[in-house]
Structures are given as C-alpha cells and as structure tokens.
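If you read the protein sequences in the order shown, they are chains A and B. FYI, the numbering for the first sequence is 1 to 112, going by this note's numbering. FYI, the numbering for the second sequence is 1 to 116, going by this note's numbering.
Hints were generated in silico from the structure; no laboratory data involved. You may find that some hints are simply not true.
To be verified - Sample of chain A residues facing chain B (criterion: CB under 10 Å; computed from the structure):
no.: 1; residue: C12
no.: 2; residue: A13
no.: 3; residue: Y34
no.: 4; residue: Y36
no.: 5; residue: S41
no.: 6; residue: T79
no.: 7; residue: L80
no.: 8; residue: T83
no.: 9; residue: T101
Unchecked claim - Not the full set, but computed from the structure, chain B residues with beta-carbon under 10 Å of chain A:
no.: 10; residue: E62
no.: 11; residue: F65
no.: 12; residue: S66
Nothing here was measured: the structure is a model prediction, and the numbers come from that model. The beta carbon of each residue, even a glycine, is placed where N, CA and C say it ideally should be.
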Amino acid sequence: DAKTTQPTSMDCAEGRAANLPCNHSTISGNEYVYWYRQIHSQGPQYIIHGLKNNETNEMASLIITEDRKSSTLILPHATLRDTAVYYCIVRPRNNAGNMLTFGGGTRLMVKP
Amino acid sequence: DAGVIQSPRHEVTEMGQEVTLRCKPISGHNSLFWYRQTMMRGLELLIYFNNNVPIDDSGMPEDRFSAKMPNASFSTLKIQPSEPRDSAVYFCASSFGGLAVHNEQFFGPGTRLTVL
Numbered sequence: 001d002a003k004t005t006q007p008t009s010m011d012c013a014e015g016r017a018a019n020l021p022c023n024h025s026t027i028s029g030n031e032y033v034y035w036y037r038q039i040h041s042q043g044p045q046y047i048i049h050g051l052k053n054n055e056t057n058e059m060a061s062l063i064i065t066e067d068r069k070s071s072t073l074i075l076p077h078a079t080l081r082d083t084a085v086y087y088c089i090v091r092p093r094n095n096a097g098n099m100l101t102f103g104g105g106t107r108l109m110v111k112p
Numbered sequence: 001d002a003g004v005i006q007s008p009r010h011e012v013t014e015m016g017q018e019v020t021l022r023c024k025p026i027s028g029h030n031s032l033f034w035y036r037q038t039m040m041r042g043l044e045l046l047i048y049f050n051n052n053v054p055i056d057d058s059g060m061p062e063d064r065f066s067a068k069m070p071n072a073s074f075s076t077l078k079i080q081p082s083e084p085r086d087s088a089v090y091f092c093a094s095s096f097g098g099l100a101v102h103n104e105q106f107f108g109p110g111t112r113l114t115v116l
C-alpha cells in the first residue's frame with residue numbers, strides 16, 4: 001500500500017472548518033483514499049473514501065487533487081466532539097480482505 | 001443493531017496467565033478483523049477472517065497468539081502465556097462484503113489488557 005504523510009497535530013476553532021491534509025505521493029491508479037477517525041477511548045470510525053472525484057457525505061468532504069498525490073478532509077463546521085485522531089489510509093482497489101494499514105494520523109483538537 | 005461487541009472491556013492479569021478476548025461481529029457481516037493498539041506501535045492488524053476462515057494472520061506477533069472463529073457470530077483471540085509487552089487495547093472490527101469490495105469496517109469498543 002502507498003504510504004501517507006499527515007501532520008502530527010492540528011487545532012481548529014469550534015464552528016470553523018477543519019481542513020486535514022494528507023500526502024500520498026506514491027499512490028497508484030488502483031488505490032483509494034480512506035479516512036477514519038478515532039475519538040479518545042473508542043474504536044476507529046469510518047468517515048469517507050474516494051478514488052479521484054471529490055466526495056461528500058453527512059460527516060465530511062474529501063477533496064483529492066487532480067494528480068491524486070494529496071487529499072484534504074474537510075469538516076465544515078467542527079464541534080468539540082470532532083476532537084479525535086484522523087487517519088488517512090491508501091488502499092488498493094483489489095485489496096483482498098478490506099485490510100487497513102493505519103499510520104500515525106493527525107490529532108485534531110477543536111477548541112471553544 | 002448493537003454494533004460490534006467485545007468482552008471483557010478491561011482485563012488485568014499476571015504474566016504467564018492465559019487471556020481470552022471475545023468478539024461478536026455485527027449480524028450479517030462476513031469479515032472480522034483483530035487489531036492491537038499501543039502508544040509505541042499504533043494500530044496494527046493482527047488477523048483477518050472472511051466467512052469464518054482465517055485469510056491473513058501475518059500480523060500475529062508470535063505463537064503465543066491464536067485466533068479462532070468457530071461461527072459467523074463469534075471470535076476469540078487468545079494469548080498463552082501472556083507477557084507484560086502484550087499490554088494494549090485490542091479491537092475487533094467487522095464488515096460486510098467479499099474480497100475486493102469496499103465496505104467500511106465497524107470497530108468495537110476494544111478490550112484494554114494489562115499484563116502485570
């Protein structure tokens with residue numbers, strides 16, 4: 001799987017948009033970008049995934065650059081409950097078994 | 001749906017003892033994963049089952065670790081004998097779908113294991 005690089009930590013003001021970057025410069029054409037988050041003392045939670053088009057769901061938006069070498073997860077109106085570690089994961093389309101390889105993630109702190 | 005259920009939530013044991021962690025996946029899911037999380041190594045996949053069959057156990061650290069899935073609604077992760085370095089949070093996750101299908105994994109609340 002392609003490796004990802006994320007900032008170790010970020011702060012965001014409550015109510016503002018949180019933009020979490022991820023670099024995956026070695027991504028190949030058959031690899032998807034996934035985002036999960038882990039709130040303290042809980043298991044990870046799926047947020048969103050995409051291949052090359054931008055994606056949006058009720059939780060977040062995913063913006064993937066045209067060359068697919070980086071992406072940004074956007075939480076449009078961050079709340080205190082969004083404080084968590086956010087993991088960007090690159091996974092092959094034909095990943096036998098849906099296996100996920102977690103990196104260090106970005107620790108997002110939403111402040112009042 | 002109750003989600004993925006893990007038991008116990010906390011386990012404290014002494015070195016050398018056998019530890020058994022349990023997981024009940026979401027009903028209808030056919031893939032089950034065991035992960036371990038520590039401060040030093042982060043979140044690591046230990047083993048993955050599909051339709052009750054172990055598919056990839058390359059993440060299992062050593063022979064002291066074993067995992068079984070006797071049926072679609074139950075799995076165990078056993079450590080025998082346990083060592084202090086096994087102290088970690090162990091997560092179970094499940095998902096629906098076959099190979100090469102993109103489906104999200106649903107994680108349980110984890111079991112916090114402390115080996116003294």
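A quick look at each hint next to the structure:
1. C12: violated (23 Å)
2. A13: violated (28 Å)
3. Y34: Because about 8 Å separates Y34 of chain A from the closest Cβ in chain B, which is inside the 10 Å limit, the hint holds.
4. Y36: Result: holds, 8 Å to nearest chain B Cβ.
5. S41: Interface hint status for S41 of chain A: holds (8 Å vs cutoff 10 Å).
6. T79: T79 of chain A check fails; min Cβ-Cβ to chain B is 21 Å, beyond 10 Å.
7. L80: violated (21 Å)
8. T83: violated (18 Å)
9. T101: Status holds, d = 7 Å.
10. E62: violated (20 Å)
11. F65: At 17 Å from the nearest chain A Cβ, F65 of chain B fails the 10 Å test, so the hint is violated.
12. S66: violated (19 Å)
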